[in-house]
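Construct the entire structure; sequences and hints are all you get.
Which chain is which? The protein sequence lines are W, X and V, in order. The opening position of the first sequence corresponds to residue 23 in the working numbering, with each subsequent residue numbered one higher. The opening position of the second sequence corresponds to residue 23 in the working numbering, with each subsequent residue numbered one higher. The opening position of the third sequence corresponds to residue 23 in the working numbering, with each subsequent residue numbered one higher.
Calculated from the structure, these hints are not laboratory results. Relax, there's no trap hidden among the hints.
Computed list of lysine-lysine pairs in DSBU-like fashion (alpha-carbon distance at most 35 Å, straight line):
1. X:K81 to X:K34
2. V:K81 to V:K34
3. V:K81 to W:K81
4. V:K81 to X:K81
5. X:K81 to W:K81
6. X:K81 to V:K34
7. X:K34 to W:K81
8. W:K34 to W:K81
9. W:K34 to V:K81
Selected chain X positions facing chain W (Cβ under 8 Å, derived; list incomplete):
10. F61
11. M90
12. R98
13. H107
14. D116
15. R150
16. K153
Each residue gets a CB set at the ideal place from its N, CA and C atoms; glycine is no exception.
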Amino acid sequence: MFIQIEIQTRAKVDLIDITDRIRQAVAESGIGEGVCYLFCPHTTAGIVLNENWDPTVEKDLSMVLDHMVPETMPYRHAEGNAPSHVKSVLVGMDHFIFVHNHTLQLGQWQGVFFADFDGPRRRRVWIRVIKDQDSG
Amino acid sequence: MFIQIEIQTRAKVDLIDITDRIRQAVAESGIGEGVCYLFCPHTTAGIVLNENWDPTVEKDLSMVLDHMVPETMPYRHAEGNAPSHVKSVLVGMDHFIFVHNHTLQLGQWQGVFFADFDGPRRRRVWIRVIKDQDSG
Amino acid sequence: MFIQIEIQTRAKVDLIDITDRIRQAVAESGIGEGVCYLFCPHTTAGIVLNENWDPTVEKDLSMVLDHMVPETMPYRHAEGNAPSHVKSVLVGMDHFIFVHNHTLQLGQWQGVFFADFDGPRRRRVWIRVIKDQDSG
Chain W
23 MFIQIEIQTR AKVDLIDITD RIRQAVAESG IGEGVCYLFC PHTTAGIVLN
73 ENWDPTVEKD LSMVLDHMVP ETMPYRHAEG NAPSHVKSVL VGMDHFIFVH
123 NHTLQLGQWQ GVFFADFDGP RRRRVWIRVI KDQDSG
Chain X
23 MFIQIEIQTR AKVDLIDITD RIRQAVAESG IGEGVCYLFC PHTTAGIVLN
73 ENWDPTVEKD LSMVLDHMVP ETMPYRHAEG NAPSHVKSVL VGMDHFIFVH
123 NHTLQLGQWQ GVFFADFDGP RRRRVWIRVI KDQDSG
Chain V
23 MFIQIEIQTR AKVDLIDITD RIRQAVAESG IGEGVCYLFC PHTTAGIVLN
73 ENWDPTVEKD LSMVLDHMVP ETMPYRHAEG NAPSHVKSVL VGMDHFIFVH
123 NHTLQLGQWQ GVFFADFDGP RRRRVWIRVI KDQDSG
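Here's what the structure looks like:
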């Protein structure tokens, strides 16, 4: 199953919890055992797996990324969003999560965030859920 | 096949070589051609693919991560482990390795480490080995 | 399908666009729906998904990685390439891209780069394209 979800980000840097939308995609797939793949088709955004219980964690991540990838370096890319490209490479655009017993297998504190580093924009995430043919 | 291995880390920051345990899981799966998926269900730990021949490489990685993600920034997350969350995002919680001829396909110098950034704790890694149905 | 491509890098740090070679591997696989997996079997190189339209983006990425992983820290690894190991962990050695309608599914501005951080060398990338048995 190959589906696309849309996400409207609200700020230049914005992490949006999409865990429930991924769970819904897994439920719709009807697949009991397999892998759920997530792919971000943008070059200035990414997907983050991390704690979604305490919202300060995402603010801290954003602060550290700004420290690591300063806005003021002598970037050559003319569009002014070079740091956003680098941040997306660091967090990753492609992630997977197991499906077991028809359920997305996340750790107790884990959630899935769409991370925009050059918003606000209308963004997309592509999802594939693939069945493990040998596990039923 | 969906299995879980347990790892007891020994320090706040601890990289433990789990390559042999992954090889064993692949052998137990009986799968000759496919993909071995690794997932860390924690938010302050991750999985690292890198050199496991020279143990100084893991110490250098730990030192650079401390440089990139300083302990002393104005973090908001109250539990005091905000840097550990960020480090886990940077190294990644989900990785895969090919299985070919019933063997885990790593490069000559590559190994798999479980990386705890907020230990010592009892940790888990989830493993799925999925067969490529078209390659036998 | 499990294939290997070879890449000759030309400098210490060198990002080479391999998008067309990945597309070719997908075409040769004959697979219409599935996932294309990429794996770098080296410990001082990696694979980057990001913009391949403007070549300044790769130069900016390289500059920021040098900022994040300085050459002059007190590294213990004796071969002098410790920063290259860390950079490979940060960009990742394992990535996947969806295959849909016999086509590699990249975003409008996305491409795939082989990133050498300790070249020039003869390098390899391993590719598997696996069919989604339920999507034809």
